[in-house]
Amino acid sequence: MIDTKVVLFGHTLDNPIIPASGTFGFGYEFSEYYDINILGSIALKATTLEPRFGNPLPRIAECPAGMINAIGLQNPGVDAVINKELPRLSRSYSKAVIANIGGSTTEDYIKTAEKFNSADSVFAVELNISCPNVKEGGMAFGTNEKTAYNLIKAVKSVSKKPILVKLSPNVTDIVSMALAAQDAGADGISLINTLVGMRIDLKTAKPIISVKTGGYSGPGVFPVALRMVYQVAKAVTLPIIGMGGVMSAQDVIEMMYAGASAVMVGTANLIDPFASKRIIEKLPAAMQELKINKLSNIIGRSLNE
Amino acid sequence: MKEVSLTITKNVPLNLDTYKMVLRGDTAGLKAGQFLELTVPGFFLRRPFGIADSTDNSLTILYKNVGQGTAAMTTLKEGQVLSALIGLGNGFNLKKSKKPLVIGGGIGIAPLYKLCKEFNAMGIKPQIVLGFRGSDDAFYIDEFAKLGNVTVSTDDGCIGFFGNAVECVDFHLPDYDYYFACGPLVMLKNLAARDTQGEISLEARMGCGFGACMGCSIQTTKGARRVCKEGPIFSAGEVIFND
Chain A
80 MIDTKVVLFG HTLDNPIIPA SGTFGFGYEF SEYYDINILG SIALKATTLE
130 PRFGNPLPRI AECPAGMINA IGLQNPGVDA VINKELPRLS RSYSKAVIAN
180 IGGSTTEDYI KTAEKFNSAD SVFAVELNIS CPNVKEGGMA FGTNEKTAYN
230 LIKAVKSVSK KPILVKLSPN VTDIVSMALA AQDAGADGIS LINTLVGMRI
280 DLKTAKPIIS VKTGGYSGPG VFPVALRMVY QVAKAVTLPI IGMGGVMSAQ
330 DVIEMMYAGA SAVMVGTANL IDPFASKRII EKLPAAMQEL KINKLSNIIG
380 RSLNE
Chain B
5 MKEVSLTITK NVPLNLDTYK MVLRGDTAGL KAGQFLELTV PGFFLRRPFG
55 IADSTDNSLT ILYKNVGQGT AAMTTLKEGQ VLSALIGLGN GFNLKKSKKP
105 LVIGGGIGIA PLYKLCKEFN AMGIKPQIVL GFRGSDDAFY IDEFAKLGNV
155 TVSTDDGCIG FFGNAVECVD FHLPDYDYYF ACGPLVMLKN LAARDTQGEI
205 SLEARMGCGF GACMGCSIQT TKGARRVCKE GPIFSAGEVI FND
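Residue numbers (our numbering), protein chains in the order written: chain A, 80 to 384; chain B, 5 to 247.
Some clues are possibly wrong.
Straight-line C-alpha distance at most 35 Å; calculated DSBU-like pairs for lysine-lysine [said to hold, decoys possible]:
{"no.": "1", "chain 1": "B", "residue 1": "LYS226", "chain 2": "A", "residue 2": "LYS285"}
{"no.": "2", "chain 1": "B", "residue 1": "LYS35", "chain 2": "A", "residue 2": "LYS356"}
{"no.": "3", "chain 1": "B", "residue 1": "LYS81", "chain 2": "A", "residue 2": "LYS282"}
{"no.": "4", "chain 1": "B", "residue 1": "LYS193", "chain 2": "A", "residue 2": "LYS356"}
{"no.": "5", "chain 1": "B", "residue 1": "LYS24", "chain 2": "A", "residue 2": "LYS282"}
{"no.": "6", "chain 1": "A", "residue 1": "LYS214", "chain 2": "B", "residue 2": "LYS193"}
{"no.": "7", "chain 1": "A", "residue 1": "LYS163", "chain 2": "B", "residue 2": "LYS68"}
{"no.": "8", "chain 1": "B", "residue 1": "LYS129", "chain 2": "A", "residue 2": "LYS282"}
{"no.": "9", "chain 1": "A", "residue 1": "LYS285", "chain 2": "B", "residue 2": "LYS103"}
{"no.": "10", "chain 1": "A", "residue 1": "LYS361", "chain 2": "B", "residue 2": "LYS6"}
Here are some chain A residues the structure puts well away from chain B; computed CB gaps all over 12 Å [what the hints assert, rightly or not]:
{"no.": "11", "residue": "HIS90"}
{"no.": "12", "residue": "GLU111"}
{"no.": "13", "residue": "PRO302"}
{"no.": "14", "residue": "ILE359"}
{"no.": "15", "residue": "LYS361"}
Since the hints were made in silico from the structure, they are not lab data. These figures come from a predicted structure and were not determined experimentally. No residue lacks a Cβ here, since even glycine has one placed at the ideal position from N, Cα and C.
Build the full structure now, drawing on both the sequences and the hints.
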């Protein structure tokens, strides 16, 4: 019997597949396309204290093996997420979800995290300290160890949920960032967020993205993401959620070999609305081929190789 | 929205850089104003195109060679199978009008062809204004002429009215109760400024095309809206045009 279950913060997931924040909205819209209850969990769109419209258009640019986005944390604000989006999601999804919070100031993060304390369907809060597309806050919190440490500690002091810290790959040393998060009391680490990139229009010589740069994601970043998951897994004792360019069930297994306890699927959802479903459906066969019976047994298998 | 495999049955140039592609497959139930997201082999993101015409088992898109993806499309051959998401977006609301004015600019005339056909099916012959840069850019004039009363405008005056589509409307002052437009943003903005009693079809660089990524959000008088999901058709009065 193939067993795809994994445990995260004492919470058992039917499988390790979680659509990544920002690629799945607040989930319910995908229930028009398939029964989303097959998903291990869902990471909600980044939520800020106040509503945000985000950046002007264009926000999207294509790349050979992925895309650049600069949405700028568009969301209806934490109160609307708790009072409208979560109840709406609960009508089509019966499992617990991961909230994702962003902010410009420490105060923003604290207040937003506090509000999610009362959201029963949220089993963990992912702290987005790695968004490359906002002027203030975002990645600025996630590229300096001291700043990250202070923010995580402050959020931990008010939050009743396990805190997952989403790290930026746009740093010199990912391991020291992960260790800072662990020292500050984080319960888990998710990585990687997008890599800062840009494209220029050949005819006009202007950057395609309105705010010039954006976050590069897609299968092109998978090797970088895998390497960072591997390095962080060697250094910390916290559970890790791996993400970055995961397109297939085989990619999921590779991420888990590198040390991920669960895997987020992001950009794949945008070119194929059924991507997360297809990966879940193909996972048992991919496991069987590699003679894996129990998926949780392979977490970190490559770390000692 | 549904995912389908479509087989190319025709892919021919209409002028120097505009092409017509006909694809066969399960294409029932598409509404005028909706679009599809087509996978072009070798490119990561799907590409959005307005549906120019459709039946239960085929659809037509009109596209302009403007970049690497559309250049690759011009080389695709009959018989090739492409993946597509179809039935995307809201579509035009034909019930709004008994005396429609249809205004198209450049490649934006594509979704208006299906709209005019549907008006014909309701026994209505629309007034049609088609604007092009010049005679080299013009296409589908004869096809539209079978569906309604066509006036052409060109920026260089080579064909029809000498001026843009909005100036052409101002000059001819056609009798209409509601308009339907698709074309360059500046054309839509000028139309909305002269009359809010109409619907405009917007274009955007999209990530997904089905509402997940927020890559194509615009500001409206009702708040943020996604061109791909709540649109691409918006009431002319609700769109906030940013310069």
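To see whether the hints hold, each was checked on the structure:
1. Our distance criterion of 35 Å between C-alpha atoms is met by B:LYS226 and A:LYS285, whose separation comes to about 31 Å.
2. Straight-line distance between C-alpha atoms of B:LYS35 and A:LYS356 comes to about 28 Å, which keeps the hinted pair within the 35 Å bound.
3. Only pairs whose Cα atoms come within 35 Å are accepted, and B:LYS81 paired with A:LYS282 is accepted, the gap being roughly 28 Å.
4. Between B:LYS193 and A:LYS356 the alpha-carbon distance is near 41 Å, which puts this suggested pair outside the 35 Å criterion.
5. The suggested pairing of B:LYS24 with A:LYS282 holds, with an alpha-carbon distance near 24 Å, which does not exceed 35 Å.
6. For the hint linking A:LYS214 to B:LYS193, the alpha-carbon distance of about 29 Å falls within 35 Å, and the restraint holds.
7. Proximity of A:LYS163 to B:LYS68 is assessed by CA-CA distance (about 42 Å); at most 35 Å being required, the pair is judged violated.
8. A C-alpha spacing of about 40 Å is found between B:LYS129 and A:LYS282, which places the hinted pair above 35 Å, so the restraint is violated.
9. Between the alpha carbons of A:LYS285 and B:LYS103 the distance comes to roughly 43 Å, so the proposed pair goes past 35 Å and is violated.
10. Pair hint A:LYS361 plus B:LYS6 holds up; C-alpha atoms about 21 Å apart against a cutoff of 35 Å.
11. Once the 12 Å rule is applied to beta carbons, A:HIS90 is consistent with being away from chain B; the minimum gap is 25 Å.
12. Here A:GLU111 does not stay apart from chain B, with its beta-carbon only about 7 Å from theirs, under the 12 Å limit.
13. Under the 12 Å C-beta cut-off, the non-interface status given to A:PRO302 relative to chain B holds; the minimum distance is some 16 Å.
14. Against chain B, the non-interface label of A:ILE359 holds: every CB pair exceeds 12 Å, the least being about 17 Å.
15. With a least CB separation of 16 Å from chain B, A:LYS361 remains clear of the 12 Å interface cut-off, as annotated.
Hints 4, 7, 8, 9, 12 from the earlier list are contradicted by this structure; the remaining hints agree with it.
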